[in-house]
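S.K.: The lines below spell out each chain.
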Amino acid sequence: MASREIAQYPTATRRVLGVATILFVAFYLIWTLLPLLIMFLSSFKDLLDAFQLPATGDWGGAALLFTFEPTTKHYQNLFLDLNFGTYLGNSLIASLGSALVSVVLGSTAAYALSRLDFRGKNDLFFWIISTRMAPVVAVLVPLYAIFRSLDLIGTLPGLILAYTTFNLPFAIWILKGFFDNVPYAIEEAAMCDGSTRLQALRMIMPLVAPGIGAFIVLCVLFGWNDYLFSSIIGSGGAKTLPAATIALVQPQNIQWGSIMAAGAVTTVPMLFLGVLIRRYLVAGLTMGAVRE
Amino acid sequence: MTDQAINTGAGRPAVSPQAVVDAARPTGVRQIDYRPDAFNPAPSRRFYFLMMTPSIVLLAGISIYPFIWLIYMSLHTVGEAGQPDVWNDFKNFTRFATDGKFQNGWLLLIKYSAMCMVLEVGLGVLLAVILNRSKLEKFLVTIILMPMMMAPIIAGLVWLFLYNGAFGWYHWLLQSIGILGPTSVLGDSDIAMFGLVAVDVWQWTPLITLITLAGLKRVPQDQLEANMVDGAGPLRNFISVALPNIYPFLLIAVLLRFMDNFRFIDAILILTGGGPADATNMLPVYLFDVSFQYFKLGRGAAVALTLLLVTIVLGMVLVKLFEDPRRKIKVHGREEG
Chain H
1 MASREIAQYP TATRRVLGVA TILFVAFYLI WTLLPLLIMF LSSFKDLLDA FQLPATGDWG
61 GAALLFTFEP TTKHYQNLFL DLNFGTYLGN SLIASLGSAL VSVVLGSTAA YALSRLDFRG
121 KNDLFFWIIS TRMAPVVAVL VPLYAIFRSL DLIGTLPGLI LAYTTFNLPF AIWILKGFFD
181 NVPYAIEEAA MCDGSTRLQA LRMIMPLVAP GIGAFIVLCV LFGWNDYLFS SIIGSGGAKT
241 LPAATIALVQ PQNIQWGSIM AAGAVTTVPM LFLGVLIRRY LVAGLTMGAV RE
Chain L
1001 MTDQAINTGA GRPAVSPQAV VDAARPTGVR QIDYRPDAFN PAPSRRFYFL MMTPSIVLLA
1061 GISIYPFIWL IYMSLHTVGE AGQPDVWNDF KNFTRFATDG KFQNGWLLLI KYSAMCMVLE
1121 VGLGVLLAVI LNRSKLEKFL VTIILMPMMM APIIAGLVWL FLYNGAFGWY HWLLQSIGIL
1181 GPTSVLGDSD IAMFGLVAVD VWQWTPLITL ITLAGLKRVP QDQLEANMVD GAGPLRNFIS
1241 VALPNIYPFL LIAVLLRFMD NFRFIDAILI LTGGGPADAT NMLPVYLFDV SFQYFKLGRG
1301 AAVALTLLLV TIVLGMVLVK LFEDPRRKIK VHGREEG
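Heads up: the protein sequence lines correspond to chains H and L, in order. Quick note: the first sequence uses our numbering, first residue 1, plus one each step. Quick note: the second sequence uses our numbering, first residue 1001, plus one each step.
Incorrect hints may have been included.
To give an idea of the interface, some chain H residues facing chain L are shown, with a C-beta separation under 10 Å as derived from the structure [said to hold, decoys possible]:
1) 52
2) 68
3) 71
4) 96
5) 127
Keep in mind that the hints were calculated from the coordinates and are not lab data. As the structure is a prediction and not an experimental result, all values here were calculated from the model. Cβ coordinates follow ideal geometry from the N, Cα and C atoms, glycine included.
Just chain H, same shape as in the assembly:
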């Protein structure tokens, strides 16, 4: 910023402002990280330790948060007794499968929409994106009936299809933006050299590949974090991690230790993916409206 190049003399106001800024950022970081930290710590605590709380107003007692005997028994419980290995696999297959289906179908449709002009194209485009904006709760009943008549309830293909309902419109919308940025002249040149249209499309794929890669990761993220679909469409045979975690909340006996461990198992892979695609996150989460 220009102001950096202008000499700034440390007046009293500036010093106070500087300190206030640092305090604000520090508080915000604590506010952001504390729930995550407590989740991770509690997942390694015996329940007796996890339920330890200092007396009201006893600030020194906050150290209790960190005083405990680490145990991995909740994780053992999850994977040895509660079958979480299967649920982890289900989550992985469903989210990855839907991401791949969405990208394959979505990129062909997006390419066509990007290259072709016809009457009503904007209306078609709006309709495509509106299928993603629709509140899930509103369309869940009819969707359930459709899936049941196709015998897809409680199966992984059913879940993949369910996730595709929100990933595909998103794919078309975002990927069209990527293809719009590739000049048609490249395909024309390829076709002059004797390529067919499909070969020409293959020719420009490397240009959109990085975007598509990041985009697959985003689709995985959306599928992985979904709960409503997996609890209703996937109920029975295709439980994913979020649905399996909710199953641990029983009215009389909430298994907090296992829940926190399951939360950690669900969250950690996504934290890494988030760092991996940080550059594309804004474009992805705003449906391409804002780019960094």
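The hints should help you fit chain L onto chain H, whose structure is shown.
M.R.: Positioned in the frame of chain H, the structure of chain L alone reads:
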């Protein structure tokens, strides 16, 4: 034609020129059509339409069909367990006038969304301005976006643990500061709503920060400098130069969050489920109860249609914002948009 004369020999003009060209063409070499439009074929529409078909068919199956079904259900009293559906003269819609929970649901949804928006935009923009071009920007942004990566339902569970009246750390913290009475946050109908807002603010403020940061990167430096030469301080600079530039970005962010509040009720379902005493019974939660707890599918469909209608109107506004040519030049950074 001299070629012809050479090839066919003198005195035999009966052979047509085309036949000669055909005969002279070596076999096995790709034939080139010299008609002028062959060089620049109009894009074959059929090829493109074929590429679109699978996606369009799939999307139609999962959107138009359920939509028609929804309209049908909303006009009937849907029979349970094999009973026939009965036409009920728009009763599902007319009863909105007397349905206190429905009206309350909309009010609460708007109240909740408004509180979330104000806090998220306030905090998010402040954070973005502080982080913008600081040395630690990359590192800090990576940390603050962590909550966004979390499944909403898991976030709900973690906060349920934090708010717990017996062993929740946030319960202890709030009581120690002295702003919370003996009841837990989610058990008190006066403050349960704030408890939910806090979760949304915790998870989604980073989105506003990220979007604002993207916007701040595009604020023209010369305008900032000119303003400073005219004697403006940092605050004045922000209000009269940066804010007008990031305003379209903020508008999109707010609309997106608004629509997400309609769509994602995972955390609310697990945290309060609409309680205590309907204090957080927002419309999507009410809809979930009507359809999946009481199985009044006809009534549920009518409620769902009102929700869809509002979402579609918001979506149209959003798309108009996407297409606004003035904004597009700024956002995409390319003139042709």
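S.K.: All the hints need checking, so say for each whether the structure fits it.
M.R.: Each hint tested on the structure:
With its C-beta approaching chain L no nearer than about 8 Å, residue 52 (chain H) sits inside the 10 Å limit, and its interface hint holds. Given the 10 Å rule on beta carbons, the hint for residue 68 (chain H) is violated: about 13 Å separates it from the nearest Cβ of chain L. This hint is violated: residue 71 (chain H) has a C-beta 17 Å from the nearest C-beta of chain L, more than the 10 Å allowed. For residue 96 (chain H), the shortest C-beta to C-beta distance to chain L is roughly 16 Å, which exceeds 10 Å, and the interface hint is violated.
Interface hint at residue 127 (chain H): satisfied, since its Cβ lies 8 Å from the closest Cβ of chain L, which is below the 10 Å cut-off.
Going through the hint list in order, the structure does not satisfy hints 2, 3 and 4.
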